[in-house]
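Given chain A's structure and the hints, the job is docking chain X onto it.
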Amino acid sequence: MHISEGVLSAPVLLSGGVLTFAGTAIGLKKLDYDRIMTVAILASTFFVASLIHVPLGPGSVHLILNGLLGVLLGWASFPAILTALLLQAVFFQFGGIVVLGVNTFNMAAPAVICYYLVRPFLKEKKYRAVAGFAAGALSVFMAGIFMALSLALSDSGFFSTAKMVVVAHVPVMIIEGFITMFTVTFLARVKPEILFGKNSCPVCR
Amino acid sequence: MTTVLLFSGLSFLPASANAHKILVFAYGDGPAITGEVTFSSGRKARDVEITVMDEATKKVLATTKTNDKGEFKFPIPQEAVRKKMNLLIVANVGDGHRGQWHMTAQDYMDSADEIATTASVAPANAALPHETAPAASPAASAPVPQPAAVTAVTEKQIEKIVERVMDRKLTPVKHLLAQACEPGPSVSDILGGIGYIIGLGGIVAYFKGQKKSAS
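Protein sequences, first through last, are from chains A and X.
Plus 66 on top of the position in the first sequence (first one is 1) and you've got the numbering used here.
Plus 41 on top of the position in the second sequence (first one is 1) and you've got the numbering used here.
Same shape as in the complex, but just chain X:
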């Protein structure tokens, strides 16, 4: 009976119960910024409040919450794009745990730009083949600038496509890197810490011992 009670009680536990710290990770993802919040133990942080601030002025630009998988997504604030702000994304669990992620303007401007340019390139690009095909055959006097224009566009297109694919492929790598930046305590750290404490005890004992023998 008591165990049933105990475990039914446990399922209501805030997910943050006993983590040491929380990790925030975010990246520009098209017109939005996507990210996730995890506890240092690796569990996903559900239903955590996310505040997006301008790093310089600490002005709140947007707020959102993480979903069941600990992920969050919000459209890049227009104001931030206009002023090229560096963003500070803060996750506050409410029980004293807080994590943040710095995002420079460059990190999300790339993807924000992409949206702007693909929007303008797409129609031009659709019109191009029709335009170039008839233009190339009769106008023998000007075949040089036309292919140049075509390659310029396709190069840009390829670049965009490559960028998009790379973004997608690199996302897991970015995750790994973010995790690697915040490793858990290693055995050497733990042993080192114990050594420090015992050593400090030894130093105190030494000085107290000297005082004792002097008196």
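Pulled out of the complex, with its shape left as it was, chain A reads as follows:
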């Protein structure tokens, strides 16, 4: 999911940067004082997740977990993912500083979309598991589409790239669906305030 430096054209890089800047600004503005540490912990989860390789078939896949961040953080996914990607670029040379904006947008925008699409269903106990799975899978799928789109805008052939990227991420989508599902149902039972915030928590009120 990390696009390397030197692949994208300048307009794509620039618009990615602008969009990420806007998203981060909204994220920081909406950020609650009480939730800062949750954001930090999830940012480091995201940071580490891409280092976890799951051996599968001929190769191995790595987790992204942007769906989990999306449902838990909403707009705060932008600053969280931006920070994590910046550190990954600096420490591990994944992606790069120049493509940071595009990479952040590609992973954080699906997270925010999932937040609006899926989160309402998380409050209902019977939909919770399905919604969690959907968030995990959908966000990876959308990240693949965004990535293919940014490559297509710089180069050509959206469909071949999109097919390649999305097909490659099908196993990740399934794995992340399950991880997000289990995390969400577990958090709802053990620490509902992380999931719903202190005020809107249906259990602890």
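Worth flagging that the hints you see were computed from the coordinates, not collected in a lab.
Heads up, some of the hints might be wrong.
[What the hints assert, rightly or not] Straight line, CA to CA, 27 Å or less: simulated DSS-like cross-link-like pairs of lysine-lysine:
| no. | chain 1 | residue 1 | chain 2 | residue 2 |
| --- | --- | --- | --- | --- |
| 1 | X | Lys252 | A | Lys95 |
| 2 | A | Lys96 | X | Lys252 |
| 3 | A | Lys229 | X | Lys85 |
Then chain X, alone, in the frame of chain A:
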């Protein structure tokens, strides 16, 4: 059924699926440049497009593809030899992963020169023993320059042979070095990164907390 489907689907996965970055490594190998492309996880990158460019002008000199072992080989472009270009070898997987390798003219000129000189030395060298053997015994007046010429040639020959053998022996070492230059993330890096993020959270919390208590 679904697992069968899943796994049969997996075998069609592009090899690049989930690597973080790709590493390109190349060296002059006689009249050609040989190299290989691997993903950061260590897997070989198959069927990846390789573009050879002049580093200064970014003009494409040659293109090729990696084979099943992730290796590629192409003859050194004549134009590059003539103008002593520094080369930029770019591997583009097509899904956003791209790696490159800088190759200075010196890196491949040595081996390109070698071909040129061995080609010219070889016939001379074959003729030499016949020439020197009869020449040395009757011409007692000039024994000094002849052996000198012989040693000069053999010295050069030895040098070439040593160079060739060294090249061959050093190739694995070059591989190791190339890999060592691009180490994977270390534990200290990972822990450091987590520390940074938590620390940043702490700083933000501190300032937000100050604002809250002030208001």
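Hints, verified against the model:
1. Lys252(X) - Lys95(A): holds (14 Å)
2. Lys96(A) - Lys252(X): Given that 27 Å is the threshold and the Cα spacing comes to 15 Å, the pair holds.
3. Lys229(A) - Lys85(X): Roughly 22 Å separates the two Cα atoms, so the pair holds.
Hint compliance for this structure: every hint is met.
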